[in-house]
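In order, the protein sequence lines correspond to chains A and B.
Quick note: the first sequence uses numbering that gives the first Met the number 0, first residue 0, plus one each step.
Quick note: the second sequence uses numbering that gives the first Met the number 0, first residue 0, plus one each step.
Hints were generated in silico from the structure; no laboratory data involved.
C-beta: ideal position from N, C-alpha, C; glycine also.
Please note that a few of the clues may not be correct.
Pair by pair, the computed Cβ-Cβ distance ranges are [unchecked claim]:
# : chain 1 : residue 1 : chain 2 : residue 2 : range
1 : A       : 138       : B       : 68        : 31 to 41 Å
2 : B       : 58        : A       : 138       : 29 to 39 Å
3 : A       : 135       : B       : 60        : 41 to 51 Å
4 : B       : 317       : A       : 76        : 41 to 51 Å
5 : B       : 329       : A       : 76        : 23 to 33 Å
6 : B       : 19        : A       : 61        : 24 to 34 Å
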Amino acid sequence: MTLTRPLTQTTTAPPTFADAAERHLDDVFGYLLYLTRDRPLADDLAGATFEKALRQWSRFDPRRGSARTWLLGIARSTALDWFRAESRRRRREQAAAQPEAQEANFVEGLSPGLQTALAGLSAGEREVLALRIVIELDGEQTARVLGISPTAVSTRLSRALAKLEEKVRNDDLR
Amino acid sequence: MTSAELITELQANRPAATDTLRDRVRALAAAEPARRPSPFARLSRLSPRRFALVAVPATAVVLLGAAGVVGLLDAGSPPQVAPVARESVGQPPAATSTTPAATTRAPTPQLKAGVVGAGASDSALPAPTPGRAQRYSAQLTLSVKNVDALSAATQQAQQITRDLGGYLVTVSYATSDTGVSSLTLKVPTANVQDAIVRLSGLGKIVSQQVQIDDLQGQVDDLTKRETALREQIARLSARLAGTDLDAQTRATLEARRAAARSELAQVRVSRSQVNAEARYATIQLTLQTPQSAVVPPVPTRWDNSVHRAGQILAAEATIVLYALVVIGPFALLALLIWLGRRGLRRRQEEQLLSAR
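Generate the whole structure from the sequences, applying the supplied hints.
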């Protein structure tokens, strides 16, 4: 007769901010990098994202979604705020404005053809690729981050992939 | 390159944060304040949908509870029932004051009057005094079971009146769901007690009033006056029979005799009227069916509670309805504005993202 240990009720404690930041920093940075195609800017926006997240951490409810989804949502809103501010600034300065310094090879390790093809996609197309393929969120989580329906996510992803494939193919033909 | 190969390459080269960024975020995390459980923290995390899921049933429970508690507390005081339904049957009307004798010439009219309620014995009826002229009037209200019984009782009342040597003066008969029959009967005064007793047997006595006005004083006065006038006429006739009267005196006496004869005729008429009035008693008979066949049951404490709670709920529903009517348009406007702003923001975001 063997004595088995009594089952202890495992309660998953809510993650601390430090845990969540450590675990999802690469995801947030990767998403922002794909969105902006600018490594220093992605770096800055990721820092701003975590600052904002720390301030709002008390409002995070693990029952309503994962910390990763929540952080990516903040990252997206931070990036959009920056895009808006940048857009306004550029409108004010108009002709004097310099074109944005976006890197051609913003993701290390990718083939030059894929880098070029990614650069040819819009930020909206790149973000859905980043979320669904690079960070590997599921359709539901991606929909929550983007504020659209899972069906719309699917459609966007298909179009983005098709466009990316076409651009890579065209690049190969050249 | 196929989509699968693209995906594989993208996933194989996931970007990693720089050490500088990692250090910066770690420094931020180190400054994280300890989370103090606040009683309001949970509330602030509630989404509007969750809040509504909790708030709406909670409000409904509070409103129902308030209605129940108030209903139970107020159950001691029963709701007011219209007294009309209860008073419609079986309650005698307030006693009416007796009217004075018809003529003021009667020096000391002997007056008898009485109101007899339901169930009074026949011996309680005041009887006319034999040998004296009296005006006897009675009001009798009887309740019969239904309209059929009303019709039969009306016919029997007429038959009783005829049997006792009386006659019918007026009759009024009206029926619908309920019915009322009013009869004015003239019955020889000598038989009036018998008449009332027999008429009372036609239904349940609701009220009964008898009034007797003594007319003997009037009759005595009129008799005395008649005697005096006869004597006067006789004296005048005797004087006029003489031959020693001049023409003027004769004319004066004849005029006085004519006036006395005229007054004598009036006195005789009056006396016969008073005697006729005394010979027949007037009976006002009212036969009626119950006006409210259904007596409302006495509400129990539980009925009162439910009734009061229902009233509170109705009041609460009215308040909620008013609030919805007042707040509804503003809420709808706010919703439309919110939806519009959200749509606009999404379109701007898409424009921003597609432009980069």
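Hint-by-hint comparison with the structure:
Checked against the hint of 31 to 41 Å, the pair residue 138 (chain A) and residue 68 (chain B) fails, with Cβ atoms roughly 51 Å apart. Checked against the hint of 29 to 39 Å, the C-beta distance between residue 58 (chain B) and residue 138 (chain A) comes to roughly 37 Å, which is consistent with it. With their beta carbons about 45 Å apart, residue 135 (chain A) and residue 60 (chain B) fall inside the hinted range of 41 to 51 Å. A beta carbon spacing of about 44 Å between residue 317 (chain B) and residue 76 (chain A) agrees with the range 41 to 51 Å that was offered as a hint.
Evaluation of the 23 to 33 Å hint for residue 329 (chain B) and residue 76 (chain A) yields a pass: the beta carbon distance comes to about 28 Å. Take residue 19 (chain B) and residue 61 (chain A): their Cβ atoms lie about 29 Å apart, and the range 24 to 34 Å holds.
When each numbered hint is compared with the structure, a violation occurs for hint 1 only.
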